[in-house]
Amino acid sequence: MEKKWFTISVYSENSVGLLNRISGIFLKRHINIESLNVSKSEIDHVSKFTIVVYTTEDWVRNIVGQVEKQIEVIKAFYHTDEETIYQESALFKVASTLLFDERNIQNIIKDSNSQIVTVSREFFVLAKTGRRNEIDEMYQQLKPYGIMQFVRSGRIAVTKSEMKISSLLKEFNQ
Amino acid sequence: METLKKEKTASTKQVTKKISGAEAIIHCLLAEGVDLIYGYPGGAIMPLYDELYKFQDKLTHILTRHEQGATHAAQGYARVTGKVGVAVATSGPGATNLITGIADAQIDSTPMVCITGQVARHLLGSDAFQETDIIGISTPVTKWNCQVTKASEIPEVLAKAFYIARSGRPGPVLVDITKNAQIDEFDFSYEHCTGVRSYKPYPKPNIKAIEEAANLINAAKKPFIVFGQGVILGQAEEQLKALVEKAGIPAAWTILGLSAMDTEHPLNVGMVGMHGNYGPNLLTNECDVLIAIGMRFDDRVTGNLDTYAKQAKIIHFDIDPAEINKNVKADVAVLGDSKVTLDLLLPMIKNNTHESWHNEFKKKHVIEFEQIIKNDVYPTKDKLTMAEVIEEINIASGHKAIIVSDVGQHQMIACRYAKFKQTKSNVTSGGLGTMGFALPAAIGAKMGAMDREVVAIIGDGGYQMTIQELGTIFQNKTPVKIVVLNNDHLGMVRQWQELFFESRYASTVMVNPDFVKIAEGYHIESKRISERKDLKATIKEMLASKDAYFLEVKVEKEDNVFPMIPSGASVSDIRLK
Ligand SMILES: Cc1ncc(C[n+]2csc(CCOP(=O)(O)OP(=O)(O)O)c2C)c(N)n1
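Residue numbers (our numbering), protein chains in the order written: chain A, 1 to 174; chain B, 1 to 577.
To be clear, the hints were calculated from the coordinates, so they are not data collected in a lab.
Since the structure is predicted, the reported quantities are computational estimates derived from the model, not experimental observations.
Think of the CB as a built atom: it goes at the ideal place given N, C-alpha and C, for glycine as much as any other residue.
Treat each hint with caution, since some may be false.
Unchecked claim - Quick partial rundown of chain A residues pointing at chain B, CB under 10 Å, derived from the structure:
no., residue
1, Gly17
2, Leu27
3, Ile31
4, Gln70
5, Glu72
6, Gly154
7, Ile156
8, Val158
9, Lys160
10, Met163
11, Leu169
What the hints assert, rightly or not - Below, in silico cross-link-like pairs of lysine-lysine (DSSO-like), each with a Cα-Cα straight-line distance of 30 Å or less:
no., chain 1, residue 1, chain 2, residue 2
12, B, Lys329, A, Lys28
13, A, Lys69, B, Lys8
14, A, Lys69, B, Lys6
15, B, Lys221, B, Lys241
16, B, Lys313, A, Lys69
17, B, Lys517, B, Lys527
18, B, Lys517, A, Lys3
19, A, Lys164, B, Lys517
20, A, Lys160, B, Lys8
21, B, Lys310, A, Lys69
22, B, Lys310, A, Lys28
23, B, Lys204, A, Lys160
24, B, Lys350, A, Lys75
25, B, Lys350, B, Lys421
26, B, Lys339, A, Lys69
27, B, Lys221, A, Lys69
28, B, Lys246, A, Lys69
29, B, Lys221, A, Lys160
30, B, Lys517, A, Lys170
Claimed, not checked - Label pairs and their calculated CB-CB ranges:
no., chain 1, residue 1, chain 2, residue 2, range
31, B, Asp306, A, Ser166, 39 to 45 Å
32, A, Val151, B, Gly471, 44 to 50 Å
33, A, Val16, B, Trp496, 52 to 58 Å
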């Protein structure tokens, strides 16, 4: 079976040990977590894990089953890239001199649709939100000039289809 | 927002004065109907032991000789009663000693609550004396776990722990309670937990799936049932029998499904899996509809998945959604409690007999009987076989004993040949294969079923892994019958070495102590036999004894267990020799 990128969305109670439990499920199967993001969700007091993996559909189904089995997980889903709207964010710290000395830097900023977050005497910081390949491209363009620091966030994603968490929770309260 | 459902019941405790966390633990246990727990004291759990002392008329604590023994005893108790077993230990080494039993309970779906002491809250994370991260360590092998650092959290967490351990697919839960939480006082009240928002233990049965299953079963020419422990845990023994009889379907069991159906029932065709029976294994690859009920297609059952029942439509009944399509793709998946789903299925099932199909099993049985069973059970050679010992126990107990087996050749022989009339009678470590399980598990089984005969069948290797529990048997006068089938080898490993490693017996020869003397040291009546002429009378004497009894049977040293599906081979490649 062919490997693909999958985004796993996990809705859960806000529980301390859960990240450990969930990461153990991946570890046991030697499946690398390519990116992980934990945040609040659209529902009060419900957390959302967004996990990206590169694997086969059989494995991702198996994993989602095991994740959903954890007591504090309300519901887990997996989606392909086509089924989600997703982005990552990156920060680039670059020497301020470049901004004045290298004309091309200004073109890169404009073409990449990135924002200048801050400028100081020594450095300035660029923020870029987009697909991973766009961020990679910008990285490649800036690299020859010297990047002082770089960081990229995990993927965040929303799905085109509905994930019916609210109705699930309502069912419990009846 | 509330994430737990709670219910006040008759046993709901309301204590008006402030009580300590430790006393609260006792009231929680009593409210959950617990009257027997197993454990071992130590520094971080001493406040609880002090309360156990005060409440000893209401709650019996059995001191095992090792914390692992406490978990296996709790498991044995849970397996024969269907209730939650409870084990208690101190922090650090006490807690880590529980892990093997917890892992065993997890893989064999046994309801158990473990309570561990922990260093005081202000010492957490400081590498304090006997501090260990038992939550981190136990996470992969528990259904749920939780650390409590405040006394007032105890009732809610324990209520949730018992609910989770026993509901849905049961499993072990660990609650780690810091010492300050045991000492501090608070206003106690207790409500049972009846629901957890994020946890759906009983999936709603899907009528359409059940109809599809019924249609497949009704149209089948060669239907075959394989049942597992899900039938026992779901208390669906009657429903299983009704299905088997109504549709005339041959039924085989996994090692944990054993005793869910009378072993003498004409449609009970035996065991599947690595050392299972010839017919059920071979015919798995000839049936047209395979009906799996409460089993999880373990690799010891299926052999090579690429050649497992490929010709058959698969119907999978299970309570755990994560088991569906995990190992074997189901054509029809019926989620739910086995009793509920089988009750819905039964009226849709047409009467049938499938006689010629059933005859296939009988024919295969004749082959297995001639080539294996006959020599195992009615040997003509000098040395005793394990199987004839089991057969004598069958005869002397009238198929009514609870058999607790350890892990190895004797376990396979016990499960192949033991006869059962009653459910919850076969207690063995299936999924984890934990040597040392049987002796402590037999203690728990006996305490859970005092009116029944409990016979432990153990190898000379596994016996020495938890032999210290003879002390528990002696101290509590627990009338278990212990049979060590001594082949002076780690027999099962030796068998693999003989078959797959050209008889290089690396570290499988055992030089054993005088087991009879050891039992005598614990004042347990004991005997050793090595000749056939003594077998019948000694087994009778053992079962007639009102007290604990130790019997060592010297058996043939290099016997092998057959049939056998070599690991990774197809069920069709089952070997008779
Ligand atoms: C704790 C543990 N360690 C190792 C094993 C591997 N193992 C499986 S069977 C077996 C041999 C058991 O020997 P014995 O208890 O004498 O029983 P026999 O096979 O001879 O009947 C071993 C070592 C195991 N299952 N459990």
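Can the restraint linking B/Lys204 and A/Lys160 be considered satisfied, given a maximum Cα separation of 30 Å?
-> 27 Å, holds
A/Glu72 as an interface hint toward chain B, with CB separation required under 10 Å | Nearest chain B Cβ about 5 Å off; hint holds.
Hinted contact A/Met163 with chain B - closest CB pair below 10 Å = 14 Å, violated
Restraint satisfaction for A/Leu27 [CB to CB of chain B, less than 10 Å] | 9 Å, holds
Is the straight-line distance between the alpha-carbon of B/Lys246 and that of A/Lys69 30 Å or less?
-> 35 Å, violated
Under 10 Å, Cβ to Cβ, is where A/Ile156 needs to be relative to chain B, so tell me if that hint holds or is violated.
-> A/Ile156 check fails; min Cβ-Cβ to chain B is 22 Å, beyond 10 Å.
Taking only the CA atoms, is the gap from B/Lys221 to B/Lys241 under or equal to 30 Å?
-> 19 Å, holds
A/Gln70 as chain B interface residue, shortest Cβ-Cβ below 10 Å | 8 Å, holds
Would you check whether A/Leu169 satisfies its interface hint, that is, whether its CB is within less than 10 Å of any CB in chain B?
-> 7 Å, holds
Indicate whether the distance between the beta carbons of B/Asp306 and A/Ser166 respects the range 39 to 45 Å.
-> 43 Å, holds
Proposed interface contact between A/Gly17 and chain B, which counts if any beta carbon pair is under 10 Å | 6 Å, holds
Confirm or reject the claim that A/Val151 and B/Gly471 have a C-beta distance inside 44 to 50 Å.
-> Check failed, 59 Å falls outside 44 to 50 Å.
Against the hints set out earlier in the document, violations occur for numbers 3, 6, 7, 8, 9, 10, 18, 19, 20, 24, 27, 28, 29, 30, 32 and 33.
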